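**Q** Sequence:
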Amino acid sequence: MQRFNITRRGFLGGAAAVAGAAGSIPALAQDALLEQLMRQNQNADSGGGFDAASRNVRMPKASLPTLSSATVETTEQAIPRYEAIAARGGWPQIAGGGRLRLGAKHPSVAQLRERLMVSGDLEFSSSKAEVYDSFVEQAVRRFQARHGLSIDGVAQEHTIVAMNVPVEARLNQLKVNVARLRAITKALPGRFVMCNIPAAHIEAVEEGVAVTRHTAVVGKPDRASPELTSRIVEVNFNPFWTVPVSIVRRDLVPIMQKEPDYLVKNRIRIFDRSNNEVPPGHINWYSQEAVNYRFRQDPGNFNSLGSIRINFPSQHGVYMHDTPLRNLFGEDFRFHSSGCVRVENVRELVTWLLRDTPNWSRQEIDGVIASGDRKDARIARPIPLQWVYVTAWVTPDGVVQFRDDIYNRDGLGSFAQRT
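Sequence positions in the sequence shown follow my numbering and run 1112 to 1530.
Just so you know, these hints were derived from the structure itself, not from any lab. Here the structure is a predicted model, which is why all the values come from computation and not from measurement. Keep in mind that the hints are not guaranteed to be accurate.
What follows is a list of derived Cβ distance ranges for each label pair [stated by the list, open to error]:
| no. | residue 1 | residue 2 | range |
| --- | --- | --- | --- |
| 1 | S1385 | Q1426 | 24 to 30 Å |
| 2 | Q1426 | E1400 | 23 to 29 Å |
| 3 | F1351 | S1261 | 44 to 50 Å |
| 4 | S1261 | I1366 | 27 to 33 Å |
Here are the simulated BS3-like pairs of lysine-lysine, each with C-alpha atoms no more than 27 Å apart in a straight line [stated by the list, open to error]:
| no. | residue 1 | residue 2 |
| --- | --- | --- |
| 5 | K1331 | K1369 |
| 6 | K1286 | K1297 |
| 7 | K1172 | K1286 |
| 8 | K1297 | K1172 |
| 9 | K1376 | K1486 |
| 10 | K1376 | K1331 |
| 11 | K1216 | K1286 |
Ideal placement from N, C-alpha and C gives every residue a C-beta, glycine not left out.
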């Protein structure tokens, strides 16, 4: 890995440039009702309360959407700042120090301080260089928030790996994504849903404000979620799941070879072309015979789609849905699906989608799900939807965000994704 040399004056100058530029852009005024909605969706553990000496260092605002016309301009403005950091020698690499947390004393904390000051996450202080104090902890929280990591203020493996991505790689991401953002934001509607695939994150946006935000699980690197533009037209409650042929071939057949009772345990039924149910024992699982049948999972809390499926036209045959595997939303690396997108707190998103559709209040939505009955809701006004691939952007408050290039589309080579 390339090493970078940097002087004390150099890294302090770079920190001042980045922090100063971030603090020069005024926060956007927000409607009181939208502000209340946003507070409900703000992560209470995001570490927004900095010590007085760090009052100019900002956390990302939950109200600001990833996609807006202002995002293009602020992302462009960040490029010279990162070019200046690169010209001064970049930021130092952090040596392994195990799990560094509040109160720890270790030589690598000094490197950590320098790294955080260069990127503008930490202001200069006279604290002891090797002590992991509250200034460092809050700066680590901010870095984690800007890089889509769990916000715990602990410098451990994933955080250190992200810090050690060279500034040249981050600069390249900014340049690549400015072009993407310019194309995506040309004609944004007033009300839309966006899924940013590398961030594994969903936003419902209304008049330039992210009114509800959702953690997502998206496609594995070898089963990528597609970039697309569509309109959400329908919500299915307590849906069946028809297993795609690709999953039957790649996943279901190998599982049945090892676990012959898997389909029965998971209440997945097999149907022939005449819609007759076929017992699993009548199929040769050591051949490709299974792809000639239809596999359908019964509705229920065990169903792979959970209690909700969100439909939109797509040539890729993908959709958004609930999931019984909610533990996956707590991971930093949320790339586990076969192309569809799983949505955390999906009922809140559906309540917003069906806001203008009669007879679909939150109470009615909860009641239908609790009943277990199959029911569909057509959306009165289809909602524009975008699945995008954005790995670097700067929101209008000047906060620079980066995500892993999970599908290797940024030209980052070995720095494309965390190991």
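**Q** Indicate, hint by hint, whether the structure satisfies it.
**A** Verification of the hints:
1. S1385 with Q1426: 24 to 30 Å: holds, 28 Å
2. Q1426 with E1400: 23 to 29 Å: holds, 28 Å
3. F1351 with S1261: 44 to 50 Å: Roughly 34 Å apart at Cβ, these two residues miss the hinted range, so it is violated.
4. S1261 with I1366: 27 to 33 Å: For S1261 and I1366 the Cβ distance comes to about 31 Å; the hint holds.
5. K1331 with K1369: Holds: K1331 and K1369 sit about 23 Å apart, inside 27 Å.
6. K1286 with K1297: holds, 18 Å
7. K1172 with K1286: The hint holds at about 23 Å.
8. K1297 with K1172: Holds, at roughly 23 Å.
9. K1376 with K1486: Given that 27 Å is the threshold and the Cα spacing comes to 25 Å, the pair holds.
10. K1376 with K1331: holds, 25 Å
11. K1216 with K1286: violated, 38 Å
The structure fails to meet hints 3, 11 from the earlier list, while all remaining hints are met.
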